[in-house]
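Now for the letters of each chain:
2 protein chains.
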Amino acid sequence: MAVEVVYRSSRDPERLFMDKAEADRYDKMLELAESLGEVLHKAVPSLSEQQVEDIGIFMAKHRDTFARAFKNQPDALAELELPAAD
Amino acid sequence: MAVEVVYRSSRDPERLFMDKAEADRYDKMLELAESLGEVLHKAVPSLSEQQVEDIGIFMAKHRDTFARAFKNQPDALAELELPAAD
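Taken in sequence, the protein lines are chains A and B.
My numbering runs 1284 ahead of the 1-based position in the first sequence.
My numbering runs 1284 ahead of the 1-based position in the second sequence.
Please keep in mind that the hints were generated in silico from the structure rather than gathered at the bench.
One or more of the hints may lead you astray.
Identical copies go unnamed one by one, so any copy, or any two together, can satisfy a pair.
[As the list claims (entries may be wrong)] Derived pair list, reagent style DSS-like, types lysine-lysine, alpha-carbon separation capped at 30 angstroms:
hint, residue 1, residue 2
1, Lys-1326, Lys-1304
2, Lys-1345, Lys-1304
3, Lys-1326, Lys-1345
4, Lys-1345, Lys-1312
5, Lys-1312, Lys-1355
6, Lys-1355, Lys-1326
As the structure is a prediction and not an experimental result, all values here were calculated from the model.
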């Protein structure tokens, strides 16, 4: 047995990481997701808390793709792998 | 009376522009909004058509701000002027 260092984001204390850089990336993703969620909830008040959280996390996880789409490549969105809609 | 040239986006034929560049910008905004809407509807199926459209148009209208937020400045979102949430 030994004491070991683990890392976590204060935004989601349940999830532990062995790697600090990975915990940092996760924290940054959650930070962006939260900011997006707040903005979208104000812009479209009919969204539920759950919807706002789902949208924020989805977009934050694919932030590079969305960054390109918003910059000048809307086609970048076609790269996202998504379940087929009916 | 005289014949004059007006411009419109095929995505929204009701809206006419006297300026071609302005019509182009509007068309590009709607294109991005549609792409965003499709992606978000697949990612979060509980969203209604109206919600998806509202989110897409809101984000596309502020594409520069969102581009910065997704790139590396989540704080950029604080600049958006939004109605206060309750």
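- Message: Going through the numbered hints above, which ones does this structure break? Give me the numbers in ascending order.
- Response: 1
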